[in-house]
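Asks: Chain by chain, the residues:
2 protein chains.
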Amino acid sequence: MILVRNETSPEDVHGMHAAEAILTAKGGMTSHAALVARGWGKCCVVGCGALAIDDKARRVEVDGKTLKEGDWITLNGTKGYVYKGSLSLLPADPEKNKYYRELMRWADKERRLGVRTNAERPEDAAAAIRFGARGIGLCRTEHMFFDPERIQAMREMIVADTEEERRKAIMKLLPFQRKDFQGIMAAMEGYPVTIRLLDPPLHEFVTLDKDQVKELANELGLSEKALSARIAQLHELNPMLGHRGCRLGITYPEISEMQARAIFEAAAALTKKKKKVYPEVMIPLIGTAEEFVNQKEIVERVAQEVRKKTGVKFPYLIGTMIEIPRACLVADKIAKEAEFFSFGTNDLTQTTYGFSRDDIGGFLPDYIAKGILPEDPFQSLDREGVGFLVATGVRKGRATQPKLKVGICGEHGGDPKSIAFCHEVGLDYVSCSPYRVPIARLSAAQAAIEESRRKKRR
Amino acid sequence: MILVRNETSPEDVHGMHAAEAILTAKGGMTSHAALVARGWGKCCVVGCGALAIDDKARRVEVDGKTLKEGDWITLNGTKGYVYKGSLSLLPADPEKNKYYRELMRWADKERRLGVRTNAERPEDAAAAIRFGARGIGLCRTEHMFFDPERIQAMREMIVADTEEERRKAIMKLLPFQRKDFQGIMAAMEGYPVTIRLLDPPLHEFVTLDKDQVKELANELGLSEKALSARIAQLHELNPMLGHRGCRLGITYPEISEMQARAIFEAAAALTKKKKKVYPEVMIPLIGTAEEFVNQKEIVERVAQEVRKKTGVKFPYLIGTMIEIPRACLVADKIAKEAEFFSFGTNDLTQTTYGFSRDDIGGFLPDYIAKGILPEDPFQSLDREGVGFLVATGVRKGRATQPKLKVGICGEHGGDPKSIAFCHEVGLDYVSCSPYRVPIARLSAAQAAIEESRRKKRR
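Just so you know, the sequences run in chain order D and P.
Numbering-wise, the numbering used here puts 86 at position 86 of the first sequence, and it's gapless, one number per residue.
Take the position in the second sequence, starting the count at 1, then add 458; the result is the number in the numbering used here.
Same shape as in the complex, but just chain D:
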């Protein structure tokens, strides 16, 4: 089954997971569909603008031809081709290949960069370990909220009028989140797991049609009008620059508190079972040191409470994602408070260029054709602009905290040219989707070899 959509959003993850492959009419290399599919090693073709997709009629028109639900198509995710009909396919499994294993052994001997993975499900974490990842650099937590059982509590929180009601609603998610974190830390036993606190704008949890609004209003004991008004209030003109990331945790501290509690209770439970855990709590979208301190104080307090309540000592770090230009510019101040930085170069590319990765398809082809950009900056890191900010962030951060742990968890962490850059500016590790881990190991080795060659030539 292939999922065909104009674009996908976090609400679609269950359908995306069920699908063999994904085809969208909009978006680029780092659109939601592409990111999720790459993470899962799923075939995906995005930005196929020639498709006129009618969701309701479950029909696609393309080049005068009409395809309906159930018709066969075949995708080539490498080349971005869509074929009508069912072509025969060949499976790929590099692990069975001894040359691959030997090459990876050589690469690991040479490289200085660590390689982690971006994963949020234990099975992805396990796959990444098989591919050679040694830790999770980005465990997103929002996917965990979209399960039907859970989203209801999230929605209750969103429509709540008082802090008390909000807290009551969000705390329903605590056992679920604790189980999630326990699963992923167990799968990663002995390796660090960087968990990012809730990042997306709240309206993503309440994108509902009329019937769904009616149903939800009934369930929550609200009038349809009041619910619609609350949903309208959450609507943002530019959600990418809106009320999300740490801005959520600052206005709704109970969200950060619940997530921190889930992480540390999971850590305590595993420690009791003699398992090693290294949770690293990552505060997203920091632009000022004050934002970080606000959230750090909550996480720190919860950690102490859990240690006291459980009587278990577990290690943990509190750090931040650097993904806003301003964070790079004040990295010295942030590093006084943070124990690690992880560069979120997807968002950093968006804000440094003023490009929305979901909308870049409208002009990128022209930019490439006219030689204005050499390539998609979401695919390969722009050294001159975004790279300058990353280098500034590393330099300023280490100026106040020489031992600051620094990594990258944007999509660039799996791109060979960008990995070479990460090596050059002295990052500690790159983190990428499980299926890109082997290429990251190889690229990190190539960057190290290239560097020692350059040194010899001097």
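Mixed in with the good hints there might be a few duds.
[Stated by the list, open to error] Here are some of the chain P residues that sit facing chain D, going by a computed Cβ distance under 8 Å:
1) R705
2) T709
3) E749
4) Y811
5) F821
6) V883
No wet-lab data here; the hints were simulated from the structure.
Please read all numbers here as calculations on a predicted model, not as lab measurements.
Each residue gets a CB set at the ideal place from its N, CA and C atoms; glycine is no exception.
With chain D's structure known, arrange chain P on it following the hints.
Replies: Showing chain P alone in chain D's frame:
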């Protein structure tokens, strides 16, 4: 008559112009409504979240009370109060005040910064001259497209399939634009006029309801389905980071060409009438030198064509708006090609912080209350982040072109603290809405006096 809306967009300017005052439920100090109202010296209260506005029913509910179209309310734009009923009002006219005139004379003697205005209509330009402005720092051109007669041609262009059709449609706007530019340059005789090429995303020109789609489809001889598909294609998830600014001129060079032709034909016509003109063509949203060169070549070519065709020599400059972090970082390269920079600090604040000025209302009050931000960064320039980028842009730009003319045309150009910053980093001028020109003259003088005091103390 007071216009009451959830938020306003460029399509509303005619209604806004007709209104005595404007009240919105959404937005902050630099939302569309606030910007336009400030420019026009109109009373405006934005972000009044307590209002539940029902556009269709023409009703507002607030605190259990219902107001309907035609009911009296009174606004206090200084304090942000909304009163039920009609309160008595007092007019304000500083120009009649001799103390004001004397103070301004003193200020003008002291200040080093030039003061320009942001204006797009001859009457605003004339008002600004009365307030002491000496040039236009930002003449936006998009408002000029929303006139009913003109928007039709714009829409034809948007739905056109070929470059030829697009060119034919856009060229219908040439006489209108020429007249606009002639009017504004005539009103500003002897002073420079910085004209920004088209900036907003195209979908702003086709935000239509069902009936309007039907009507427009008829007029354009298209099927409703085809028109709706084109409109859907233009929809962007984050229009602020989308297909706008120079990205439009790069994908649709005929837009820049038409605008350049209108500017230079207006300049030639006025020059023939022995009027002095100093048009400065400003390319918006530049992030790379390549983008600037692409657009500069078009503008330059048209200037030569118009000079040749009319036999008239007129002066002109081609420069750019610096409003994207990346532009500040590569300002040395851009300055090799550009004759002036104008810092667009509204957009630069949006991208440096990752804040949408239209959506900041969701969390800014909490940020201020919790001491995370000292004030709204769209109101007063953030020296540490945005200011660092501005200073970097000035320094790098002047490194390759020492005589580079540098100004600021964001809303900060009318804010006293931000004006002090502009003085310190050595800008040549600030530009602000006509009604803020006097405060800008005063603040520029205060900054100069403060500087000479500091020097004496040393």
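Asks: With reference to the structure, classify each hint as holding or not holding.
Replies: Against the structure, the hints:
Because the closest C-beta pair between P/R705 and chain D is about 5 Å apart, less than 8 Å, the hint holds. Residue-level restraint check for P/T709 holds (minimum Cβ-Cβ distance to chain D is 5 Å; threshold 8 Å). A least Cβ separation of about 6 Å between P/E749 and chain D falls short of the 8 Å threshold, and the interface hint therefore holds. Below 8 Å, beta-carbon pairs count as interface contacts, and P/Y811 has one with chain D at about 5 Å; its hint therefore holds.
Interface hint status for P/F821: upheld, as the beta-carbon distance to the closest one in chain D is roughly 5 Å, under 8 Å. Taken as an interface hint, P/V883 does not check out: its beta carbon lies about 15 Å from the nearest beta carbon of chain D, beyond 8 Å.
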